[in-house]
Structures are given as structure tokens and as C-alpha cells.
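Peer 1: Next come the chains, spelled out residue by residue.
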Amino acid sequence: MTDYIPELGHFALALAVAIAGAQAVLGFVGASGRDGRMMAGAAGLALGQVIAVAVAFGALVWSSVVDDFSVQNVAEHSHSLKPLLYKVTGAWGNHEGSIVLWCLILAACGACVSGFGRGLPSALRSRVVGVLGLVSAGFLLFTLLTSNPLLRVWPPPDDGRDMNPLLQDPGLAFHPPLLYAGYVGFAVPFAFAVAALLEGRVDAAWGRWVRPWALGAWSLLTGGIALGSWWAYYELGWGGYWFWDPVENASLLPWLTGTALLHSAIVVEKRDALKTWTVLLAIATFSLSLCGTFLVRSGILNSVHSFASDPTRGVFILGLLVAVIGGSLVLFAWRAPALVPTGIFAPVSREGGLIVNNVLICSIAAVVFCGTLFPLFAELLFGAKISVGAPFFNQTVLPLAVPLLLAMPVGLLLPWKRASLGPALRQLWVVAVAAGLVGAAVGFGLKVVLPALGFVLAAWLVLGSLADIAGRVRLFRVPVGASLARLAGLPLSAWAAAVAHAGMGVLVAGVAGMGLAQDRIAAAAVGESVALAGYQWKLDSLADTRGSNFNERISQVTISRDGAVVAVLHPGRRTFTTQRMTTTEAAIHTTWMVDFYAVLGEERDGKAVLRLHYNPLAPWIWLGAMVMSFGGGLSLADRRLRVGAPSRRAAPAQGARA
Amino acid sequence: MLAPLGLFAIGGTSFYILLQRLGTDEYDPRRVPSVLVGKQVPEFGITEQPGLGGFDRSALVAPGKPVLLNFFASWCLPCVAEAPQLMALKKRGIPIYGVAYKDKAEKTAEFLARHGNPFAAIGRDAEGKAGMEFGLYGVPETYFIDGGGIVRARWAGALTDDIVSGSIDPLLKKYA
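Going down the list, the sequences are from chains A and B. With my numbering, the residue at position 97 of the first sequence is 97, and numbering never jumps. Each number in my numbering comes from the position in the second sequence (counting from 1) with 1000 added on.
Honestly, the hints are just simulated from the structure, not real lab data. Here a beta-carbon is modelled for each residue, glycine too, at the ideal position from N, C-alpha and C. Treat the hints with care, since some could be wrong.
Calculated lysine-lysine pairs in the DSBU-like style (CA-CA distance at most 35 angstroms, straight line) [stated by the list, open to error]:
#1 B:1039 with A:385
#2 B:1173 with B:1102
#3 B:1174 with B:1090
#4 A:538 with B:1107
#5 A:607 with B:1102
#6 A:385 with B:1090
#7 A:607 with B:1104
#8 A:607 with A:538
#9 B:1065 with A:607
#10 B:1174 with A:385
#11 A:82 with B:1173
#12 B:1173 with B:1065
#13 A:538 with B:1104
#14 B:1065 with B:1039
#15 A:538 with A:82
#16 A:385 with B:1102
#17 A:385 with B:1173
#18 B:1065 with A:385
#19 B:1104 with B:1091
#20 B:1129 with A:538
#21 A:538 with B:1102
#22 B:1102 with B:1065
#23 B:1107 with B:1129
#24 B:1102 with B:1129
#25 B:1174 with B:1102
#26 A:82 with B:1107
#27 B:1107 with A:607
#28 A:385 with B:1129
DEER-style ranges, computed between Cβ atoms [as the list claims (entries may be wrong)]:
#29 B:1048 with A:540: 35 to 45 angstroms
#30 B:1014 with A:154: 39 to 49 angstroms
#31 A:540 with B:1064: 54 to 64 angstroms
Footprint (simulated), chain A over chain B, 3 or more residues, beta carbon under 8 angstroms [stated by the list, open to error]:
#32 1003 to 1009
#33 1014 to 1021
Excised from the complex, chain B in its bound form:
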């Protein structure tokens, strides 16, 4: 007769622990893990964004100091929402490399003219092949790459104040 109660006690305690972790952000059911974390930047090919300079994998293999890699698109609403975050990071002198994902060059240019261009260099991934190499979950998506070209973190979705102060800042300190 005590069995149901015991089962419930175990379940209840577990849920309490999970709730606590949810509160402290240790547990997030929506987080999507990336297999790239801890690994070298994968091989990928992108084309140049006309007039705004392109870059290739060599820029990320050994950048010497931490950089951010941001996948975005003009058709993506959260990208608009995160634009101010990226601009603020740029002001702090953090190099951000942008990849326009499945986007038309003129639309990308229009998007950057309207919302500001936070990027040190921009490449185009018109077919989404580079996105495939990175295991892109969607746009926007941001990767933290250390000075040795190792991916240290990935955020799927728009960057928020919490992510910048809670995750990016400590990572910058750690890998400075």
C-alpha cells in the first residue's frame, strides 16, 4: 500500500530538483546540444558577400583571440531582435564573423543597411551547405570560437542580455 506513495515521493523530489535547476538555468529543456563544442571549426565553404568582404575557414582556424561566428538571414525575425546585441558586442571590440544563410545578396545588404552591420566580414551560404557542416539548428545561431579555433559554445536562437552577461562574458574572460 506504500508503493504508490513511494513512487510519488521519488517523482516529486526529482521534479523539485529539476525545477530548481530550471530556475538557475542549469537545466533547459529547449537547449539543443552541439556536437561541435570542444572540436575544431569544421570544413566549410562560403561565398563572398558582394561589397562587404568575404572570409573563409582560415580566418577561424587560429584567430589568435576569441571570435564569434553568427549565422543570420534577412528573412528571420529573431535576427532583427538580436541585431542590437551584436552591435553592442562589436562596440566592445569583439570580432564577429557573419554568414548570411539561405539569403539573397541584395536582401542581406538591405538588412544590414537597416539594422546595422556588426560583422568584421560576411560570407554567404546561399545553399545552406555550410549550415549543414555546422549542424545548424536554425537562424540565428552563434558560435564562440577560441583563439585556437576550437568551438567552445553554441547558442541556437537570438542572443539575449542573459546569454551575453551569463555565458559570453565568462567565456571571453576564460579564453582571453
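Bound-form chain A, shown alone:
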């Protein structure tokens, strides 16, 4: 009976294509004809679509769990000895499965809009659901025609070919779902933008509706990127956290434009301005998400992360991208002039600050975009083989990031409409002095320049966020009790902004700390010690062990300082029996202030090569990203957003500093 489950999934996938198509047609036709039944139908179909895709996805996971090697995808990427966790997560650890997951999240977004969007004007909701249906239909068709994970293979092999051992890791198991949820979440702001262009109307209510979606997607994307970076840090064993690899850049680009979108949507909501720009950002963010997911699949970009490439798939993907991105940009070119701005504003004001934010973030995005794609265009135009690496990105992104980080606390303190820099800067002088002291302490203490400047920025951001909260509760200007009462009454959105900005500060501190990192490669015999960063790293032993689908050479390294043991690490080297591939298992001991990081290399002449890293503040990078993500979540939990009262009167009631 259960033999037919893959076919059931296959059928559900085909059904989902039909449902998504119908959802699009009913959504658009119903909205333009104001036909209540058709619009309700579109909403219902969105729900049906998510069920159908979930069945298909479930069938794939089931086939993987029960080791049905007659399913080609399972035969190619699984193995009977693989641990259960990776049998489940392995379902999305390959191209085909990950695309189904992508479609599942997209379908879930559509269902959420139709389920939770009851407060929306029905025509707008219907159009949004329609746009999402159209996008879904395209990508489901792509899955079915070029990347179907439920195809059978005959005769079935005795056992599978196993998954790339690098991917058999808990961090990476949950990285794709989080990242995809972030990518795909931006489909909703995109759908809102297209719907608004179709209606020719963008107002404050629109901004208020788009923001929670952008926020949610942004928070998930932040978490997803951080998880990916963390995985690269501990699994690839290079001791680095960001490599400016095309795939990493592809995930950073929508994050950057999404961050800009998040901020410009506030201006639409509060000041009814920047409409055209915000709509363009919404389109751009989802477009970059699509490029991030799919262009790396076409094999055009070379990357350590990409799955096997296939040019025929590439043409289909390009067609889809042209339809989605090109279509929405044509619509934009045609309809955007109708979106007249109604708000006016002064350059020095909260909205002015948000524009500075947008300009700088988008400049960074443009630089990263050009750097990532330049090798392609150099090859195309000049036939030259070049690669653009970290030095380019570090040198171009840094000059743009520094003013952005400097402006962040100032922007938080500027009131809407009209402001002068004076009061904001007066509130920040203490922060500036404190940040300067931090920098001076690091700079003179350790005789370094760039990391010290990094710590200045980090302190400026964290303390600036505190100053913002302190200013809001009028700390030391009213009695402490009154300040506490104000603290309790602060809207969550105020906390959210402060927390997210402070999280950026924590991240910057981590990056600056990594600027102080030391590493050493040394060959050591058992019992021998290597000195690094004032610590003695002693190789205690080397031994062989067995795992379920790998053999491991494991070592013990004891780190001590002045005779006192600080940590014991067990770096190893795993040889996976099926794929005959070796991975290094870096061992990390973190004190949260510093990471002790050891990698076991080759052995020769009785000595083992050890690569040792001393990484100050490394965990703060991911901690900072998590704090930022949490800040996004806080803002999402703000009651005003949750209720989403689409009345314009609500905005002034929050006061000038909301």
C-alpha cells in the first residue's frame, strides 16, 4: 500500500500546479470584477495549494526515511546507514528537494495572506493572493518538469550514494529552511508591490501591511545567513566566517535591500512618501532572492556551495526570472508614475535619516552586486578569467558601512518631519566619548588600528541604542520611578529598533574581534606542545574510532596557560565510507569571549599537522545576528503591527517619536 506514496506525492505536485494556476486566475479576475465569490475562491485555493505541496513534500521525506531507493532522488542522496535526522533533512539537502521546500514555503505564505489578511481590502488581498499563485505556478511547473524529486529509477540500486558528508551536520540541516523562509517571505512584499501597481495606489495602510511581512522575512533571513556563516566557520574548518563567495553574496543582497525596504516602508507608513522607491525595493528584494536561489543553480556562478549544475534547467530558470522580474519591472515602468507622493519632508528628520540609510545600504548592495557578477561580465565581454575576492569587497564595503553605522544611532534619535541635528547629537556626546574610550583602550592596549576603530563603532551602536531608550524614558531628567513607568509603557517597536541596532553593534564587535585573531599551523608529535596567543596547545593523543557511516581519526589537544588547563579539544578527521570523502571536524571551545579552534590535518612521519586558531569574540558575530533577528521579531510582536489597524489616524496618535 505504502509503495505508492511517491506517486501520491507526484500527483499532489501536479495538482498543486493546477491549483496555483486557478488561484492566480480567480485572484486577478475576481479583483478586477469585484466578484466576492471568486475572490473567496482564490483564498480557499491558496489553502488547498499548501496542502497539496505539503503532501508532495511529505511523500519525499517519507521515501527518504524508509530508504526507498527506487526513488531516484533518494538513491542519489541518501544511504541506509545515514542517521535518521539526516534522512529527514537530506530531503531538502539537494537541488530537487530544496526546490520543493521552496515551493512549500511560498504556498504557505499565500495561505497566510489569505488566512490572516481578512482585515485587508478584499480586492488588494485577492490580487496579492493572485500574484503569489502565479509565482507558485511557475516554480511548481519548474519542479515538475525539470527537477522532479519523485521520479523512479529502475532497477533500484541496493543502496544509495549517500549525501555529501559536509552537509551531514545539524547546522546545515536547518540552515536551508530558515534561509528559504527568509527568501520566500519577501515574495509577500513583492506581491503587495505588484498588487499596488495594478491598483495604482500606495498609501499608509499599504506600508503598514507590507512591513510585518518584510520584518518577518528579514528576521528569518538574518537567522538563516547567520546559521550558514556559523556552519562555514565550524564545519569547513578554515576558521573564517565570511568568504565573499558568490552564494554568500547572493544571500546578502536580498538581506541588504530587504533591510532598506524595512526602513523605507516605515516612511511610507508614517509620512506617505517614498512610495515609488519602496515599491521598487520590494520588487528588487524578491528579485534578488530569486536570483540567490536559482542563479547559483544554473551553474553560471562558480561556488563552493552550489549543487550540480544543469544548463537546460538554467534556461527554464532564466525564463521564469524574466517572467517574474521582467514582468514586474514592466508593470513598474508603466504604473509607477501614477504613484504620486503626498508627503513632503525636510532633509534633517527621521525620514531624512531613513533615506540616508537607504542610500548607503543600496550602495553597499550595488557594490556587492557588481563585485559578484563582474567575473561573469569580464568573461563575456573581454574573455578574461578573473575572480573578485575578499580584498575588493572589504575595501569597497567598508567605506560605505562606516558612515552607515555612524548614522544609525543618530537616526534613532531624530524626530519625524522637522528636526535639527543639535539635540540628537547632544544626546549622543556621552556615547561618543564612551565609544572613543573603548577604542583608545583597545588601540593603545593592543597596538592595533583597524580593530580598535571597529570597537569604537560597536560601542557607538550598542551605547547609542541604550541612549535612545534612556532618552525615551527621560532617564535622569524625571525621577527614576517615572522613568521606570515610561520604560514599561514603551512600545515594543521602540525596543525592537534599539535591540536590532544594538545587535548590529554586537556583530561589529565580533568582526572587530576577529581582526585580532591569531592562527598557527604546526606539526606536532604526540606529547608535543605548540604555543599560540600565550597558550600551550598540547597534542595528547591520536586514536581511531568508528561512527555509523564514517571512520574517524580523533585527536586530543589540551590547551593550558601557565600550567592551568583551559580547555580540552578533540579535533578529528572523518572518512565517509560510501562517498570516500574526508572531512575535517574542527573542535571549538568557546568562552564567549574567545574561541579556541583546532583542526587536525594530515599525519606524516609520526607527526600530525595541527591548525590552531585563537579567535577573540568570534561567537559575537552570530550572537549579534541573532539579537538583530530577535529585534525584528520584537517589532513584529508590536501590537500595532499585529492588529494592523489600517487607519491613518493611528499614526499621529503615537506621537512624533513613535
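Assemble chain B onto chain A, guided by the hints.
Peer 2: Here is chain B on its own, set in the frame of chain A:
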């Protein structure tokens, strides 16, 4: 308002062209160019593989007819995968010179006994110095050297049917 669309149109067209080239193998993002192509075989020193005869640079400076130079190692899995290709080339009478890269002599001998010996002569590059002279990217790696000792092509990674029929055969015809 048309600017974003224009930008996208340019990008889309470029990607389409690249995809077409990817399909016809004109463009390969993983290809690693070699600075040796078009140049004389570099100076290099290798030692003899015991019992299997060695060779030195003089064998490659003016071989008179095209030869292949193959870097391999017993510890390299793609080398096992390409062994049948090399054996087939040997059967066709193409001289192949082998360099065992960073390998122990007895391991090399074992490897050749198990997977066949396609080489006219074998040298050992235990320290990887010759690999350095050639700008070796990894093993296996194969160089096509014409009758005058000029490097004409280099393939990093295992030789495949496509490489033999699509690249080596035309080169053999051209430089015969």
C-alpha cells in the same frame, strides 16, 4: 522608471548568452587557465620510479610527436577514475609520461599494479617541486605537449570521454 527594466534586460540577455555558452562548453566557470599554454615545457626535476624507468625534461623538449604528461597519485580518487581513459589512450599508441605526485614509491607501484600502467615512463615528484614548476592545480592533471615541446593544453581533473573526443583528438590531428 524604465531604468530598472533596462538594467534587468541587459542582465537577462547576458545570462542567456552565458547559458548558451555553458551548454556548448565554450564557458566553464570551473575551468582553471594555465599560463603554460603556448610555452615551452618548464624546467623541472623529478626522480626515478624504481623498476619502472624514469625520464627527465629532455624527453619532453622535442619529442617529435605529441605526448601527454600526466600528474597522478595513488592517494587520489579521480586518478582511479581516469585510469581506464589513460589505458585506452595508451592502446592508441599515444605516449604518456607520468609523474607520481607527492606519493611513496611502493604505493605508486601498488596503484599501477592494480589499475594498470599506461605510462611510457614514470618519474617521481615526492616533494611536489615539479608540480610547482608546472603550476599544478591538483591531481590528476594532464598536459598536451606537441612535437616541439610546446604545451598546447592542460586539463585539471580527471580526463573524461568528452575531453578525449572533444579536445585531445582534435589536438592530436592538428599537431600530428
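Peer 1: Run the distance test for residue 385 of chain A versus residue 1173 of chain B: straight-line Cα separation, threshold 35 angstroms.
Peer 2: 28 angstroms, holds
Peer 1: Tell me if the straight-line CA distance from residue 607 of chain A to residue 1104 of chain B falls inside 35 angstroms.
Peer 2: It holds: about 17 angstroms lies between the C-alpha atoms, which stays within 35 angstroms.
Peer 1: Are three or more residues of the segment 1003 to 1009 of chain B within 8 angstroms, CB to CB, of chain A?
Peer 2: holds (count 4)
Peer 1: Taking only the CA atoms, is the gap from residue 385 of chain A to residue 1090 of chain B under or equal to 35 angstroms?
Peer 2: 33 angstroms, holds
Peer 1: CB of residue 1014 of chain B to CB of residue 154 of chain A, is that within 39 to 49 angstroms?
Peer 2: 41 angstroms, holds
Peer 1: Does residue 385 of chain A lie within 35 angstroms of residue 1065 of chain B when you go C-alpha to C-alpha?
Peer 2: At roughly 31 angstroms apart (the allowed maximum being 35 angstroms), residue 385 of chain A and residue 1065 of chain B satisfy the hint.
Peer 1: Would you mind confirming whether the straight-line C-alpha gap from residue 1039 of chain B to residue 385 of chain A stays at or under 35 angstroms?
Peer 2: Roughly 19 angstroms between the alpha carbons, so the hint for residue 1039 of chain B and residue 385 of chain A holds.
Peer 1: Quick check on a hinted range of 35 to 45 angstroms for residue 1048 of chain B and residue 540 of chain A, using CB atoms only.
Peer 2: 41 angstroms, holds
Peer 1: Assess, step by step, whether the Cα of residue 1107 of chain B is no farther than 35 angstroms from the Cα of residue 607 of chain A, and give holds or violated.
Peer 2: Distance of about 20 angstroms is within 35 angstroms: holds.
Peer 1: Check the hint pairing residue 1065 of chain B with residue 607 of chain A against an upper bound of 35 angstroms on the C-alpha distance.
Peer 2: 45 angstroms, violated
Peer 1: Holds or violated: are the alpha carbons of residue 1102 of chain B and residue 1065 of chain B at most 35 angstroms from each other?
Peer 2: 28 angstroms, holds
Peer 1: Within a Cα-Cα threshold of 35 angstroms, do residue 1174 of chain B and residue 1102 of chain B meet the stated pairing?
Peer 2: Holds, at about 33 angstroms.
In terms of the numbered hints stated before, the structure departs from hints 9 and 11, listed from lowest to highest.
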